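Hey, can you piece these two chains together into the complex? The hints should help.
These protein sequence lines are chains A and B, in that order. Per our numbering, numbering through the first sequence is continuous, rising by one, with the last residue being 224. Per our numbering, numbering through the second sequence is continuous, rising by one, with the last residue being 472.
Treat the hints loosely; a few may be bogus.
Which stretches of chain B does chain A cover? Using the computed rule of at least three CB atoms under 8 Å from a CB of chain A, they are [stated by the list, open to error]:
| hint | segment |
| --- | --- |
| 1 | 129-140 |
| 2 | 147-154 |
| 3 | 173-180 |
| 4 | 396-407 |
Calculated from the structure, these hints are not laboratory results. Note that the coordinates shown come from a computational prediction; the quantities given were computed from them, not determined experimentally. Note that CB positions come from ideal geometry on N, CA and C, so glycine has one too.
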Amino acid sequence: MEEIPGVIRTIPLNYYIFLSTALFVIGIVGVMVRRNALIIFMSIELMLNAVNLLLTAFSSYRSDPAGQVFVFFIMAVAAAEVTVGLAIIVMIYRNTRSVDVGILNRLKW
Amino acid sequence: MFYSVVLLSIFGILNLFLGFLKSRAWLLPVTLLFLATALVVTLTDWNKSLFFWNYMMSTDNVSVAFATIIIVSAMLILPLSRFYFPNAAAPVPEYYAILLFSVVGAILMVTYENIIMLFLGLETLSIAMYILAGSDKRNPRSHEAALKYFLMGAFATGILLFGVAMLYGATGTFNLSGLAQYVRTTLVNGASPMLYLGLTLVLIGILFKLSVAPFHFWTPDVYDGTPTLFTAFMATVVKTAGFAALYKILSVSFTGIYSVWWITLAATSVLTLLIGNITAVYQQSFKRMLAYSSISHAGYLLIAVTAMGQTSQSSILFYSLAYTLATITSFAVLILVNENRAGESFSAFNGLARHNPFLAFALTVAMCSLAGIPLTGGFFGKFYIFINALEKGLLFLLVVAVLMSAVGIYYYFRVVIAMYMRGSDDNAVADRIIVPKSYAAVLAITTFLTILLGVAPDLLVRYF
Chain A
116 MEEIPGVIRT
126 IPLNYYIFLS
136 TALFVIGIVG
146 VMVRRNALII
156 FMSIELMLNA
166 VNLLLTAFSS
176 YRSDPAGQVF
186 VFFIMAVAAA
196 EVTVGLAIIV
206 MIYRNTRSVD
216 VGILNRLKW
Chain B
9 MFYSVVLLSI
19 FGILNLFLGF
29 LKSRAWLLPV
39 TLLFLATALV
49 VTLTDWNKSL
59 FFWNYMMSTD
69 NVSVAFATII
79 IVSAMLILPL
89 SRFYFPNAAA
99 PVPEYYAILL
109 FSVVGAILMV
119 TYENIIMLFL
129 GLETLSIAMY
139 ILAGSDKRNP
149 RSHEAALKYF
159 LMGAFATGIL
169 LFGVAMLYGA
179 TGTFNLSGLA
189 QYVRTTLVNG
199 ASPMLYLGLT
209 LVLIGILFKL
219 SVAPFHFWTP
229 DVYDGTPTLF
239 TAFMATVVKT
249 AGFAALYKIL
259 SVSFTGIYSV
269 WWITLAATSV
279 LTLLIGNITA
289 VYQQSFKRML
299 AYSSISHAGY
309 LLIAVTAMGQ
319 TSQSSILFYS
329 LAYTLATITS
339 FAVLILVNEN
349 RAGESFSAFN
359 GLARHNPFLA
369 FALTVAMCSL
379 AGIPLTGGFF
389 GKFYIFINAL
399 EKGLLFLLVV
409 AVLMSAVGIY
419 YYFRVVIAMY
429 MRGSDDNAVA
439 DRIIVPKSYA
449 AVLAITTFLT
459 ILLGVAPDLL
469 VRYF
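Isolated chain B (complex conformation) (with noise of 0.2 Å):
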């Protein structure tokens, strides 16, 4: 993991200067190259587990796999942008240089062991992603998105880093295995009410960053102004990241004091499952709906967090590449529709079946997954969640998610209905949508894995 920190940063650096090549052509090819070297040193580290940077860093296997689930959806992405700038004068270089800088930051916050390295990562992270947010810098609707989350990430950046302050007054360490301990010294002797103050005000940062309910508010006009392929970014490796840094503070560090925060971890994960879902039957346009299920994801996801038991880590995992994988065909699929029919409602997508049927298939194994319907990966990714609070004996999480899950499948399908039941108005645009290879190859690949993991979860789960 050291060396693909240190590669994919100085790759990102070369991508800049690629920028004065006359021709674009080598670009995407380049840069999915740099990735495939990051891929590959990071799958090296598979079975060792080491400290570097003087304790800075660790790595072990389950962080391996989050960052090649980084990698692997930066790959699938990346394709989606070859013909996404039309415009000739776009900067694409430095685009794709700041995907690789977010990168980093992304495995910066998986393989973290030091509080310094999570507020690094969670930066580099998150200012590459002020920036894509802001990138269609014609469009009014983009200018609103970035300063929007500008404002919110640095908000909640003040409110974790106070929190950092206020857990090193009470422990003097910044290292995880260091609060742990103060953490187990505490429990004979008392705690500081510091370290509370600033669990609490931690958990707020990273739960703001993740856009948990009620911390929610910004991530739907976000996601929305957001350009579409960044948004897919947004949603999955942003998503990813975010949970794996929570899980690892929250596990290695906290576990000593579970009875004070697990409370207030499961009453946020309730709420962010009611919100997220029973907001999202509202919504007109695709690409809202998409932003709202990601925040009831987060909900599912908080429920893995929550009940912290033996397998939740191999839980979480399993169900972000699963999301991962859903949420990449969404938004490919929705890229292409808004280009070819010009719109983001469900309407846009009338009688797709018809004329693109391998995109309707595509987008409809992907809404099965978000919804977890049996043989997709989702179906699974919420039944391993679902065994562990069931583990752990949160009957009433239980209860709400699979609630919710109902809820889901309704607006889920409404998309399905809309391509396969509803046939498109004979004067609009309802001629086949061209699929450029690049994309046709990502859905490929997303919908067979989706596929791969409903059918055959032992492939993935059997390592962890």
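In isolation and in its complexed conformation, chain A is listed as follows (with noise of 0.2 Å):
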């Protein structure tokens, strides 16, 4: 089996680069768009994936760990979130049976 910085290594640098963009990009304009409070977590998701792809590849190409082992910080760090993150939805969606961030105007803005 081949190594794997050296599979990551046949595609050229730059296509991981605009490719994490693009993810990045998508999950900004997820949070900003979309109303439902689970989707925009997913966007969030997305943006910290989008970070975790750049790093590893970078991390590959430069034959340095240290990029890895961030990745794995920011997917500890991301589990603990979204802990937190779907119990606050959950106690939302109890008491006002939706998710949608429209009715949380009890504050004004």
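Written out as structure tokens, the structure reads:
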């Protein structure tokens, strides 16, 4: 079996940068446009995963493990964030039977 | 600092186990004892400059001082929780544990030497705050605050991380000194555009968390909806740690390209000052006014970061301390007034001076400090920051800041006028508010320190 960094390097670095930038922008647009709290949340996860992809690509190209270590930290923190975030969303759903952010207008912006 | 981080994490877990005890009476003293232990351990690092955890973190006198401010403000806010949870079923041990964990996050943010640690600290602090923001489970306002804070905070984290990835792509390191080395060589060789993009995104991510305009829009709602006790924590600890982190990354790594980023920071600080102060004037609720005031103070602190002079760090330190003390006082009084008179608007404070001269005096001192009136800590805080701006020749920033301080006096004194000049309605509940001992102690300490800093700023400044 070939070494994985070697496999990653068979695709030019720029392609990774374009792909993860595209994913990141899709995530940002999703956060801005969608009204459903869960979908917004998914978009945020998409942003984080774009970052993970980018870090992995950079780290393979530089043969430097630090980037991949950072990816582990991001995944662990994202998992912690998911637990808290879903708990908050469930709490809201129980009270309002909806996860639409449009109803969150008791405090005026 | 090494031991205080480890100890506080262990203490947080211990605190969860204390929840098994039948009696809740010991919780608060024990938690305070934990924090005091961490404080002593932190202070033993004074005058030692060292790296630990494989160059992940470092301590010096300034980071020890910031960590001290953070732990002390946690110690001042905790006693306010004494009568805050009337519900016997409230999971108080969990709240205390989460507060301890968030202090760990804040300490990581002031001692980091590697961006991994900055990220971990920021997230430890933020995730703890998301939970505390939603801790009032029956109140829809609290839910709303939690969801808004969570979505905005996670979004900001995403942006910050993309910036970090870009910086890594450009430089190949997460280390602050490694970044600084790269930046120095780019002055000769020309930088990769990824460096500038990365720096911009990292700045946006951090400024989002610090509620600096134009990324401030979530702040008033979140501060308003969060239970007041935790709003106090948010407004003090998060701000202090965030500005320490922002200053550290810019001063250690990016002074080489100062000419690139200073204008952006100057523009955001002008915008923050204008929006924070002018919107605060129109608020009817004292709590929302404090939220806008915290935005405007972020603007003042940003001036010190922009100036980036020899003494900027010590003025950020002084300003954070003065701001923290005054903010804790105001939130403590707000909790008492809200519980006894059921209102957070300015009119709830009517006639407070007649029934509770001590509360009125403490709040007046706090308001003077926030507004920057002489003989309070806030005056010297602003004074040092203005001197920084002047030394760097940032005259337009100085003009805006001075004008906006004048606006600040107007809205800070509305509550003072309500307390001293307006009588309360006769049929309203105008009885004397009974001040619990823990509140009295906290108010006495913060008020004393605010005046002390205003009379003898030398006590603190000569160390830096």
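**Asked** Among the hints numbered above, which are violated by the structure, and what are their numbers in rising order?
**Response** Of the numbered hints, just 4 does not hold.
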